[in-house]
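Residues 1 to 609 (our numbering) are what the sequence shown spells out, left to right.
Simulated from the structure, these hints should not be mistaken for laboratory data. This one's a predicted model, so the numbers in the text were calculated from it and none came from an experiment.
Calculated cross-link-like contacts (lysine to aspartate or glutamate; reagent style EDC-like; alpha-carbon spacing at most 20 Å):
id, residue 1, residue 2
1, Lys-384, Asp-342
2, Lys-384, Asp-349
3, Lys-573, Glu-418
4, Lys-573, Asp-535
5, Lys-573, Asp-538
6, Lys-194, Asp-159
7, Lys-194, Asp-109
8, Lys-384, Glu-298
9, Lys-351, Glu-298
10, Lys-384, Asp-345
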Amino acid sequence: MGEKRVFTYMLRQIICLILLVLMGSWAAKPVWSASIPIENASFEAPAIDPNGFPAVPFVDNWTEIDIDTLSSTNTGVFANTPAGNPDHIVNADGSQLAFLGSESGNALDQDLAAMYKTGCDYRLTVAVSVSGLFSPSTIEPVDALELVLFYRDGNDVMDIVSQTIEATDLSSTQLMDFSLQMPTVQSGDAWAGKTIGVALRAAGMPGGFWDLDNVRLNESLPVSIPIENASFETPVIDPNGFPAWPFMDNWTEIDMDTFSSSNTGVFANTPSDSHDHVVNADGSQMAFLGSESGNALEQDLTATYNVGCDYRLTVGAGVSSLFPPSTIEPVDAIDLVLFYRDGNDVVVDIKSRTVEATGLSSTHLRDVSLYLPTVQSGDAWAGKAIGAALRAAGMPGGFWDLDNVRLIESLPVSIPIENASFEAPAIDPNGFPAVPFVDNWTEIDIDTLSSTNTGVFANTPAGSPDNVFNADGNQLAFLGSELGNALEQDLTGIYKAGCGYRLSVAVSVSGLFSPSTAEPVDALELVLFYRDGNDVVDIASRMVEAVGMSSTQLTEVSLYLPTVQSGDAWAGKAIGLALRAAGMPGGFWDLDHVRLAESLPEAISDSTE
1 MGEKRVFTYM
11 LRQIICLILL
21 VLMGSWAAKP
31 VWSASIPIEN
41 ASFEAPAIDP
51 NGFPAVPFVD
61 NWTEIDIDTL
71 SSTNTGVFAN
81 TPAGNPDHIV
91 NADGSQLAFL
101 GSESGNALDQ
111 DLAAMYKTGC
121 DYRLTVAVSV
131 SGLFSPSTIE
141 PVDALELVLF
151 YRDGNDVMDI
161 VSQTIEATDL
171 SSTQLMDFSL
181 QMPTVQSGDA
191 WAGKTIGVAL
201 RAAGMPGGFW
211 DLDNVRLNES
221 LPVSIPIENA
231 SFETPVIDPN
241 GFPAWPFMDN
251 WTEIDMDTFS
261 SSNTGVFANT
271 PSDSHDHVVN
281 ADGSQMAFLG
291 SESGNALEQD
301 LTATYNVGCD
311 YRLTVGAGVS
321 SLFPPSTIEP
331 VDAIDLVLFY
341 RDGNDVVVDI
351 KSRTVEATGL
361 SSTHLRDVSL
371 YLPTVQSGDA
381 WAGKAIGAAL
391 RAAGMPGGFW
401 DLDNVRLIES
411 LPVSIPIENA
421 SFEAPAIDPN
431 GFPAVPFVDN
441 WTEIDIDTLS
451 STNTGVFANT
461 PAGSPDNVFN
471 ADGNQLAFLG
481 SELGNALEQD
491 LTGIYKAGCG
501 YRLSVAVSVS
511 GLFSPSTAEP
521 VDALELVLFY
531 RDGNDVVDIA
541 SRMVEAVGMS
551 STQLTEVSLY
561 LPTVQSGDAW
571 AGKAIGLALR
581 AAGMPGGFWD
591 LDHVRLAESL
601 PEAISDSTE
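Work out the full structure, taking the sequences as your base and the hints as a guide.
So, in structure tokens, the structure goes:
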């Protein structure tokens with residue numbers, strides 16, 4: 001007992017130091033539905049008089065930017081023709097669509113009520129076809145339509161991302177969906193917190209018309225899926241030896257040169273003052289991949305394709321300065337691929353994107369991405385391990401430079417969590433840098449007298465040796481490692497039948513008093529629960545061990561709850577989440593940026609067997 005009192009006293013006295021090292025966080029924030037409202041998204045207003053002219057030069061709720069300032073003949077809405085007509089658009093949403101003249105300068109804009117949220121990414125989707133009578137030109141230079149997400153700086157429109165869609169191969173009777181993907185909004189982005197702007201702009205010559213329908217904007221809450229050796233830093237190149245090595249850790253190398261393996265490996269970036277230095281490399285090494293078809297890098301991840309989630313694979317790509325892939329027809333290319341393995345361990349491609357060598361640099365990597373739409377429960381890859389591949393598609397003689405492979409998983413709905421990044425109560429910058437309280441959370445603390453096991457603390461300044469550099473905001477929570485300490489919150493959201501859930505937390509360990517990594521290893525438990533009366537009933541949990549955790553960089557960990565069935569005891573019950581210590585006393589966990597994402601509902605059966 002005496003030792004216990006001394007230990008407790010020491011914890012109280014040094015809690016300040018502990019907290020200064022506990023820092024951590026992520027970058028995201030809260031809570032908006034998957035579908036962002038767009039006014040008159042399917043162009044049903046103004047309503048066309050069925051007995052009058054089948055088009056009007058107006059579009060309700062949209063700003064029409066029309067080169068024809070006198071008659072506004074370039075923007076408006078029109079009625080679809082009856083089913084069976086040769087010019088009927090078979091997959092229109094509703095009975096009307098918009099038309100947009102093909103001349104550059106014509107556009108439809110809308111400023112939404114929603115804002116760009118830090119930590120979320122966005123996908124703008126539009127259904128597009130061409131006029132049967134006056135289609136945009138498919139002769140060079142081909143007419144195009146531009147999808148844009150923007151914000152306003154005062155009265156100035158500032159484009160964030162855009163995508164150009166050419167008129168080639170589009171139909172006049174069947175709409176095709178096109179999407180623009182915007183990466184995760186960072187807290188330092190100029191558009192964070194600004195009103196979302198959507199634009200559909202013509203980019204071509206006069207004389208043609210685009211048909212537009214069913215404009216949608218989805219907001220997703222992403223998490224990062226771990227990829228081993230994602231920036232190709234191992235094996236480490238000897239700085240005094242040859243600056244390349246024909247091997248790479250954690251990746252499967254498929255090399256047409258089976259004897260020397262000269263087509264795949266890692267190489268060291270040159271010094272910053274060298275003419276061939278890659279200025280935006282992540283780390284000090286990159287991978288090389290021979291340009292001949294058949295050469296590839298593959299990795300089977302531990303993560304699985306989760307129903308209700310979508311995925312984005314991103315790679316930093318460049319070309320060798322000495323031996324670049326060919327830009328002469330047929331142009332050399334690289335394929336980004338997401339795959340799974342069937343029951344016979346055969347690789348089955350799900351989605352791929354081809355990136356040509358044209359326009360790529362030897363000194364500046366360009367991010368290229370592959371987007372996989374939402375995984376459905378009936379998809380063959382649902383629940384299968386994720387596979388990622390980078391495959392050459394060209395002639396021999398050139399080399400691709402590759403770096404910083406990332407895979408992001410997104411769920412479309414974010415559930416509100418109070419004080420999710422532990423910014424309250426606010427720490428007095430002139431006072432003690434920690435307090436033993438956490439607003440909006442239930443603190444379960446073994447130290448019932450002084451509450452030394454739960455609270456919030458201020459991150460140290462950037463540049464400090466104990467600064468958690470990826471913290472979200474200025475504060476984090478600390479949680480004593482002893483079994484019984486916990487943070488819980490009962491949410492206002494409920495478990496919905498047909499939906500799945502993902503609880504994510506950014507975790508690190510105290511630099512001074514880290515949880516034990518000796519057997520039995522201390523662990524942190526992520527839990528989703530519901531209440532049966534006053535009793536807490538756990539539904540799903542995941543243990544996260546202290547081994548490999550950093551004190552200066554948060555690691556994101558997630559717990560998945562499969563699709564809720566209508567007969568589940570928790571269906572319709574309030575969502576509860578808990579972060580529980582499962583170990584011995586003496587250490588501290590640093591916690592930040594708690595997020596809960598919900599998948600869109602899928603059809604489920606109410607019957608039981």
